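Residues per chain are reported as follows:
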Amino acid sequence: MSETKNILLVGVGGQGIILASKVLSKGLVDAGFDVKMSEVHGMAQRGGSVTTQVRYGEKVYSPIIGKGQADILVAFEKMEAMRWIEYLKPNGKLVINNYSIPSVPVLTGQVKYPENIIEELKEKVDTTVIDAANAARELGNIRTQNIIMLGALVKALNITEVNWEEAIRETVKEKYIDINLKAFNRGMELV
Amino acid sequence: MKRLLTGNEAVARGAYEAGVTVASAYPGTPSTEILENIAKYKEIYSEWAPNEKVALEVAIGASIAGARAIAAMKHVGVNVAADPLFTFAYTGVNGGCILVTADDPGMHSSQNEQDNRYYAKSAKLVMLEPSDSQEAKDFVKLGYEISEMFDVPILLRLTTRICHSKTLVELEERQEVEIKEYNKNIAKYVATPANGRILHVKLEEKLKKLEEYSNNTPINKVEFNDKSIGIITSGVAYQYAKEVFGDNASYLKLGMTFPLPKQKIREFAEQVDKLYVIEELEPYLETEIKAMGIDVIGKELIPNIGELNPDIIREALLGEKKEIIEMNSEKIVSRPPTMCAGCPHRGLFYVLSKKKNVVITGDIGCYTLGSAPPLETMDTCICMGASVSAGHGFSKAFEVNGKEAKVFGVIGDSTFFHSGITGLIDIVYNKGNAATIILDNRITGMTGHQENPGTGYTLMGEVTEQIDLVKICEAIGVKHIEVINPLDLEETEKAIDKAINTDEPVVIITKWPCVLKKSPKEEIEEYGLDQRKICTVESDKCKQCKLCLKVGCPAISFEEGIGAIIDDTMCVGCDVCLQVCPFNAIVKVGE
Ligand code: SF4
Ligand code: SF4
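Protein sequences, first through last, are from chains A and B. Here our numbering is used: position 89 in the first sequence is 89, and no number is missing along the way. Add 191 to the 1-based position in the second sequence for our numbering, that's all there is to it.
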């Protein structure tokens, strides 16, 4: 593979995006790719939006991409998908978690949380909707949403060169390995 | 072994491999993780200093004593450390010394976007600018060599994108470097005017030799490809330029940007047809190159505002734009950061927000979020420490004009130690009447929980003396000091009202641990943190007046027709909303 692939993960602080990106990058590095990962988590713990960009290929220069360049956009939260959709290639893939987290202007009733997000996005781009929250609950831990989304990402991009099980084993805390392995497989099935 | 490291982790690794033994810093995004990672290496003594000036001075002292030393800070921190910095360039080092400045183009979390490359030129320090994590590590090691070879301190400039991006780094072993012998040398290390005059001459001589070095060092490297376009660049801008132009241009990539390799620049310029300078923020390289009489294209096409990226370059220099998916952006609601559910600052700001005729001078920390809706309780925010001193200026101006308004300076515990103390001394000494509120949440919150002199622990995890804020304020001469629980609105209101009616300096210390803090056992007991029960709304009692929304807790939402709703996964039971509801509709779960 010579072309650089661009992955964009977006969501809200606390959703485990950084950890999912770590597993992703670790897997890609071990498979021998040049990898660059950029995090923006300005005030993540304070309810802000969080994004990470992972770029991989034979040789990667910039750690960040611009609008219209992501091969895949993985949105952990619905409204964040809208916010970042400009970054997706027009023929790229959107994997969206059917999950909303209202922001403060919504909570305080100043504005409404947008409606029909998924419908609108589907009209414009190749969209896969994942119900990661329910899938995670079924697995018994709501916090595994992130690895479910990662599994979905890997399937959607069809990244076959990587030993994901090992990447997960080496990145997550020991007692969560099993549930995260399950979550990853669940995510693969959901695409 | 290759590993993915952030630029900050790579700098820490570089310090370890280079045999550094002393490291000091004050936390500040995007630089914070440098010291947090250095602290993992037990071979290096590492500490949080109360501010950046102290951090640099600690490094200077260690360097003169003969040890390799490092100080790290964010760009605005260098302003605080600028005083010793300029003189340090004169005295030079003994053990090698590096000051890391982490600039924040785009202001991801800063109050301005200054370009600290000018510090190198202005203070006459060697400047190195890495463009990825591997270089960040390599340049630290090279920096110590240059520092000791030429007897100069080094400024290592990172930017947010370098600090927080992970790229591959080859790890190596630590090289133990012996502490150099220290010999008393008054002419070198005592910067009196007589010595300084001689040192300045010596420094200029060193800079000439360093320019020669700069012309020959491989970190200022030429990559010839297509010669119709030549690009001079440094830092992360190099990566962006490569991303856009690839092999369709030739590059002069500068790793050492002060002193500049003028000879190399001239030779490069002669060999290419069209010359661009691609740099982030200010036209630092461009101005220097133009002053050499070389024609370049730079800031007329590339903005000097905001973070650079490949898109901007592509559009500005090639006129290309990527096709994008358009959405109705009006539909997208903003997601501003907010004070967390249960944040101890919320109670105080809620009380302040209801007071008429008060001015709140703010400071840098989590509590700056008190300026956001719905609380909007802040009139100014300039820099660390300015809450207290600008508040004093405010109240003096009001006094002269005969305006009756109480001024409250709000400042965090760590920030008070950083540079609030001097402002408070000013208020007492000069008979001011501005009130100072120290928001003591028992930790440095904003940057992600670093210990500070008030917490009782050091960076290396040792138990230490806890600096007592009350005693400090007493010692300064403040007579009215109150320590309150900011989650108790009545108690808070009383203290505020008392301050409004007092014409002498007042200090109110709001003491409650940050809600995100991993409190030690004693603290959990002291504050009864494990006894807290979360709140819920009894919807039949809710009159839908929306008053509870005014506290701005992210756990409270509102649905027309139903009323207020408290998210049970977010609420921590701080009780602020419960005290605000006039209809007692908010109750404790299970009570
Ligand atoms: S303050 Fe009380 S009555 Fe008013 S909306 Fe909130 S819960 Fe309902
Ligand atoms: S008690 Fe009220 S203000 Fe405090 S965290 Fe819970 S919902 Fe927020």
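Wrong hints could be hidden among the right ones.
Unchecked claim - Some chain A residues judged to face chain B by a derived CB distance under 8 Å, without partners named:
hint, residue
1, G16
2, A31
3, G57
4, K124
Unchecked claim - Only pairs whose alpha carbons sit at most 25 Å apart, straight line, appear in this in silico SDA-like list of lysine to any residue:
hint, chain 1, residue 1, chain 2, residue 2
5, A, K89, B, K708
6, B, K513, A, T160
7, B, K709, A, K124
8, B, K779, A, K5
9, A, K67, B, K741
10, B, K709, A, K112
11, B, K741, B, E567
12, B, K546, A, P105
13, A, K122, B, V763
14, A, K5, B, K522
15, A, K93, B, K522
16, B, K393, B, K412
17, B, K724, A, K89
18, A, K124, A, E174
19, B, K741, B, K709
20, A, K78, B, M761
21, B, K547, A, D126
22, B, K193, A, E174
23, B, K412, A, K89
24, A, K175, B, I523
25, A, K124, B, K481
26, B, K513, A, L157
27, B, K708, A, G16
28, A, K112, B, E248
29, A, K124, B, I523
30, B, K734, A, D34
31, B, K513, A, Q110
32, B, K737, A, Y113
33, A, K78, B, K412
34, B, K522, A, D34
35, A, K67, B, N495
36, B, K312, B, M298
37, B, K231, A, G68
38, B, K231, A, V40
Since the hints were made in silico from the structure, they are not lab data. Here the structure is a predicted model, which means the values were calculated and not measured. Every residue gets a Cβ at the ideal spot worked out from N, C-alpha and C, and that includes glycine.
Okay, the hints, checked on the actual structure:
no.: 1; hint: G16; verdict: violated (15 Å)
no.: 2; hint: A31; verdict: violated (13 Å)
no.: 3; hint: G57; verdict: violated (12 Å)
no.: 4; hint: K124; verdict: holds (5 Å)
no.: 5; hint: K89(A) to K708(B); verdict: violated (41 Å)
no.: 6; hint: K513(B) to T160(A); verdict: violated (29 Å)
no.: 7; hint: K709(B) to K124(A); verdict: violated (45 Å)
no.: 8; hint: K779(B) to K5(A); verdict: violated (51 Å)
no.: 9; hint: K67(A) to K741(B); verdict: violated (37 Å)
no.: 10; hint: K709(B) to K112(A); verdict: violated (35 Å)
no.: 11; hint: K741(B) to E567(B); verdict: holds (10 Å)
no.: 12; hint: K546(B) to P105(A); verdict: holds (23 Å)
no.: 13; hint: K122(A) to V763(B); verdict: violated (38 Å)
no.: 14; hint: K5(A) to K522(B); verdict: violated (30 Å)
no.: 15; hint: K93(A) to K522(B); verdict: holds (22 Å)
no.: 16; hint: K393(B) to K412(B); verdict: violated (28 Å)
no.: 17; hint: K724(B) to K89(A); verdict: violated (48 Å)
no.: 18; hint: K124(A) to E174(A); verdict: violated (41 Å)
no.: 19; hint: K741(B) to K709(B); verdict: violated (28 Å)
no.: 20; hint: K78(A) to M761(B); verdict: holds (20 Å)
no.: 21; hint: K547(B) to D126(A); verdict: violated (54 Å)
no.: 22; hint: K193(B) to E174(A); verdict: holds (23 Å)
no.: 23; hint: K412(B) to K89(A); verdict: violated (34 Å)
no.: 24; hint: K175(A) to I523(B); verdict: violated (38 Å)
no.: 25; hint: K124(A) to K481(B); verdict: violated (48 Å)
no.: 26; hint: K513(B) to L157(A); verdict: holds (21 Å)
no.: 27; hint: K708(B) to G16(A); verdict: holds (19 Å)
no.: 28; hint: K112(A) to E248(B); verdict: violated (52 Å)
no.: 29; hint: K124(A) to I523(B); verdict: holds (16 Å)
no.: 30; hint: K734(B) to D34(A); verdict: violated (59 Å)
no.: 31; hint: K513(B) to Q110(A); verdict: violated (34 Å)
no.: 32; hint: K737(B) to Y113(A); verdict: holds (18 Å)
no.: 33; hint: K78(A) to K412(B); verdict: violated (46 Å)
no.: 34; hint: K522(B) to D34(A); verdict: violated (38 Å)
no.: 35; hint: K67(A) to N495(B); verdict: holds (20 Å)
no.: 36; hint: K312(B) to M298(B); verdict: holds (23 Å)
no.: 37; hint: K231(B) to G68(A); verdict: violated (40 Å)
no.: 38; hint: K231(B) to V40(A); verdict: holds (24 Å)
Comparing the model with each earlier hint shows violations of hints 1, 2, 3, 5, 6, 7, 8, 9, 10, 13, 14, 16, 17, 18, 19, 21, 23, 24, 25, 28, 30, 31, 33, 34 and 37; every other hint is respected.
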